[in-house]
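Just need the whole structure built from these sequences, with the hints factored in.
Residue numbers (this note's numbering), protein chains in the order written: chain A, 222 to 602; chain B, 222 to 602.
What the hints contain is simulated information worked out from the structure, not anything from laboratory work. Any given hint could be a false lead.
You can't tell identical chains apart in this list, so a pair holds if it fits in one copy or across any two.
Derived EDC-like pairs: lysine to aspartate or glutamate, alpha-carbon spacing no greater than 20 Å straight-line [claimed, not checked]:
no. : residue 1 : residue 2
1   : Lys577    : Glu242
2   : Lys410    : Glu475
3   : Lys339    : Glu290
4   : Lys367    : Glu475
5   : Lys323    : Glu290
6   : Lys447    : Asp225
2 protein chains.
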Amino acid sequence: MIADLQMSRRIRRTHFTSCVEELGVSGFTVVNHTLLPKSFSNSVEEDFYHLRNDVQIWDVGCQRQVEIEGPDAMSLVQMMTPRNIANAQVGQCLYLALTTDKGKIINDPVMLKLSDEKIWLSIADSDIFLWAKALAIGLGLKVTVKEPDVSPLAVQGPAAKDLMVEIFGKQVEELGFFRFKSLDFESTKQIVARSGYSSQNGYEIYLDNRDLGKNLWDAIWAGGEKYNIRPGAPNLIDRIEAGLISFGNDMTSENTPLECGMEKYCSLTDNIDFLGKEYLIEEKRTGSRRQIRGVIFSGKSQGPCTVPWQLYDGSTNVGQITSGIFNPSLGVNTGIALIEKGHWNLGQRINVVIGKGDIRRGQVCFLPFTVPENREIMMSL
Amino acid sequence: MIADLQMSRRIRRTHFTSCVEELGVSGFTVVNHTLLPKSFSNSVEEDFYHLRNDVQIWDVGCQRQVEIEGPDAMSLVQMMTPRNIANAQVGQCLYLALTTDKGKIINDPVMLKLSDEKIWLSIADSDIFLWAKALAIGLGLKVTVKEPDVSPLAVQGPAAKDLMVEIFGKQVEELGFFRFKSLDFESTKQIVARSGYSSQNGYEIYLDNRDLGKNLWDAIWAGGEKYNIRPGAPNLIDRIEAGLISFGNDMTSENTPLECGMEKYCSLTDNIDFLGKEYLIEEKRTGSRRQIRGVIFSGKSQGPCTVPWQLYDGSTNVGQITSGIFNPSLGVNTGIALIEKGHWNLGQRINVVIGKGDIRRGQVCFLPFTVPENREIMMSL
Numbered sequence: 222m223i224a225d226l227q228m229s230r231r232i233r234r235t236h237f238t239s240c241v242e243e244l245g246v247s248g249f250t251v252v253n254h255t256l257l258p259k260s261f262s263n264s265v266e267e268d269f270y271h272l273r274n275d276v277q278i279w280d281v282g283c284q285r286q287v288e289i290e291g292p293d294a295m296s297l298v299q300m301m302t303p304r305n306i307a308n309a310q311v312g313q314c315l316y317l318a319l320t321t322d323k324g325k326i327i328n329d330p331v332m333l334k335l336s337d338e339k340i341w342l343s344i345a346d347s348d349i350f351l352w353a354k355a356l357a358i359g360l361g362l363k364v365t366v367k368e369p370d371v372s373p374l375a376v377q378g379p380a381a382k383d384l385m386v387e388i389f390g391k392q393v394e395e396l397g398f399f400r401f402k403s404l405d406f407e408s409t410k411q412i413v414a415r416s417g418y419s420s421q422n423g424y425e426i427y428l429d430n431r432d433l434g435k436n437l438w439d440a441i442w443a444g445g446e447k448y449n450i451r452p453g454a455p456n457l458i459d460r461i462e463a464g465l466i467s468f469g470n471d472m473t474s475e476n477t478p479l480e481c482g483m484e485k486y487c488s489l490t491d492n493i494d495f496l497g498k499e500y501l502i503e504e505k506r507t508g509s510r511r512q513i514r515g516v517i518f519s520g521k522s523q524g525p526c527t528v529p530w531q532l533y534d535g536s537t538n539v540g541q542i543t544s545g546i547f548n549p550s551l552g553v554n555t556g557i558a559l560i561e562k563g564h565w566n567l568g569q570r571i572n573v574v575i576g577k578g579d580i581r582r583g584q585v586c587f588l589p590f591t592v593p594e595n596r597e598i599m600m601s602l
Numbered sequence: 222m223i224a225d226l227q228m229s230r231r232i233r234r235t236h237f238t239s240c241v242e243e244l245g246v247s248g249f250t251v252v253n254h255t256l257l258p259k260s261f262s263n264s265v266e267e268d269f270y271h272l273r274n275d276v277q278i279w280d281v282g283c284q285r286q287v288e289i290e291g292p293d294a295m296s297l298v299q300m301m302t303p304r305n306i307a308n309a310q311v312g313q314c315l316y317l318a319l320t321t322d323k324g325k326i327i328n329d330p331v332m333l334k335l336s337d338e339k340i341w342l343s344i345a346d347s348d349i350f351l352w353a354k355a356l357a358i359g360l361g362l363k364v365t366v367k368e369p370d371v372s373p374l375a376v377q378g379p380a381a382k383d384l385m386v387e388i389f390g391k392q393v394e395e396l397g398f399f400r401f402k403s404l405d406f407e408s409t410k411q412i413v414a415r416s417g418y419s420s421q422n423g424y425e426i427y428l429d430n431r432d433l434g435k436n437l438w439d440a441i442w443a444g445g446e447k448y449n450i451r452p453g454a455p456n457l458i459d460r461i462e463a464g465l466i467s468f469g470n471d472m473t474s475e476n477t478p479l480e481c482g483m484e485k486y487c488s489l490t491d492n493i494d495f496l497g498k499e500y501l502i503e504e505k506r507t508g509s510r511r512q513i514r515g516v517i518f519s520g521k522s523q524g525p526c527t528v529p530w531q532l533y534d535g536s537t538n539v540g541q542i543t544s545g546i547f548n549p550s551l552g553v554n555t556g557i558a559l560i561e562k563g564h565w566n567l568g569q570r571i572n573v574v575i576g577k578g579d580i581r582r583g584q585v586c587f588l589p590f591t592v593p594e595n596r597e598i599m600m601s602l
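See below:
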């Protein structure tokens, strides 16, 4: 079904919205009360190949920052996440799960440690501003919690590095993966991180100045023309292949980080306190009820999953695909799924039901889809 | 600019989304990570007149409930709002501002007192689930905070009462304004309130059962045919005329309830504790920096305001219109505006700048636009 998104002030514009409008954006979604452009003139498949071969510029200003500053900043963030952040360095990005007192996920931000007393959480789609502020109030912590008007801009794809060096200089070459530096742009300092929501090399610029939005976009666009730059967006085919899960799609506040493949970001045996710790320790001891896995399935090339596709083992509903689309590079339909215990083993055969009765043969894979263990299954379907 | 809304599981469907799709919904917005249908085949003007003459059915399932239950439920909610809720009765709805520790608005829900220990906050567009839960955790309160899967359905317009009596029986007639009862539908009990986001008489059914969504919709539709029922949505012309402000549009977490015309919902002299009390008392003492007002302005009939229209007194920017559209009944362009101190008096002449230089003559009014004090101004523009 196709319907317009009706605009109002409540659906916030980023520093770059006017730029994507000029380029003829054809579809948006809304994340953090903010516009996320999702499509231009090309198909998802065309964008997928272009992302893998060239370079794209993405308005990801919807990745809003929650700024936590003060002597208790690190303590508050540690309380919010199962990942041990004690050794985080200034200039480092960390992927975190945020959990409730029952160990349920409420967001999976990237944390940027700006100083020992100043942290940004670059968030997925939930109001962590309110969560962090209320915890700070309730616990009487010495922090201020703000949402600065920062709009990240992503430059993603094989040519991203060369292009970014042209704009921000040689220091870009020294950036390790998930590291950031404060670099010069038009006499301002802007945070540039080597990160992004794709399987390709890429960067994100955390632009803190709305008035510079068009200048930054235009500078990257001009530099990118020789690299065949195009506007783009987080690409569903690429994201699923890479196993990049999405809060609200592949996991909700019904789920725990252990269910969602985030065990390596849960420091359950460390001497730290965080919300929900006892619940996660108990889940680890007794085993998760469900797990995130990849699923491949047969039949005609399937467009994006907008309503979950149900999974069956015989007549038993054993889970659902929450993000899915045909992958032209792998030559198969792919999905990210939450699957019940007893049915998530590699190679498990299941049926995928698209909508009301289009049944496909499927098999369970590991994420990301490109790991060697999946190869035999890919060929056997 | 027109662009599609791209669907995914993250943009949640209500109990009624399939019903509005069948009726050819043409535009959505997103509130609380949930679809809000905004338009069907008619124009906003046609819908406005229909709402005032007949009856409409609205899928307002995006008005999510935050359920606060336990012995400390009333204490927690009192801490969250400047309105004294001590005398609230079971069966009563109360319109509230929710404020931060600095007295800034973060939502304006309708509170439903289900029992002395169970409250629903039927929220505008921010994750009050996280706010309430984190406050409860931080303060160690004896409550559980949940988001039940309840989708309100609104029936609005002059024929709403007769139609609702046909579906829910004579008890509907006894419902006072902003009161609710638990009434029968298909062997279930559902909360029915006399309320709604319009200037017309109306009701909201808080349906707690997704499987009954289509049955409830179809029952109202069938009963409504003789009343010329149509699908609709909160109507911008009606909402502005009635002075019904919208969180995210007309006020944000930059504003206070005193700035936003909510002084009568702020019990500043009562012996209650709530977040931000000292800031609101100080604002009341020294006066607000800005206030919400109505603005009328001249010139051609103006379509909806999607990006704020700036207000000038001479060369001074004195505020902005945050919701605006031509009102065919009043015969004038109308807007809800935040206006700086010294410029908000009734009849103040200002210029309204639409976009990049379409300048209109305007005047400041009271809200709602229909109060007698505005009459002379309406005629003089």
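Here is how each hint holds up against the structure:
1. In the homo-oligomer, the alpha carbons of Lys577 and Glu242 lie at most 20 Å apart only across protomers (16 Å), although the nearest pairing inside one protomer, at 36 Å, exceeds that limit.
2. Within a single copy, Lys410 and Glu475 get their C-alpha atoms no closer than 40 Å, and across copies no closer than 26 Å, so neither meets the 20 Å cut-off.
3. Taking identical chains as interchangeable, the C-alpha atoms of Lys339 and Glu290 lie at most 20 Å apart only when both belong to the same chain, with a minimum of 4 Å there against 35 Å between chains.
4. With identical chains, the CA atoms of Lys367 and Glu475 are at most 20 Å apart between copies only, with a shortest distance of 11 Å across copies and 27 Å within one.
5. Within a single copy, Lys323 and Glu290 get their C-alpha atoms only as close as 26 Å, which misses the 20 Å cut-off; across copies the closest is 17 Å, which meets it.
6. Taking CA atoms no more than 20 Å apart as the test, Lys447 paired with Asp225 passes in neither setting, with 34 Å inside one copy and 30 Å between copies.
Going through the hint list in order, the structure does not satisfy hints 2, 6.
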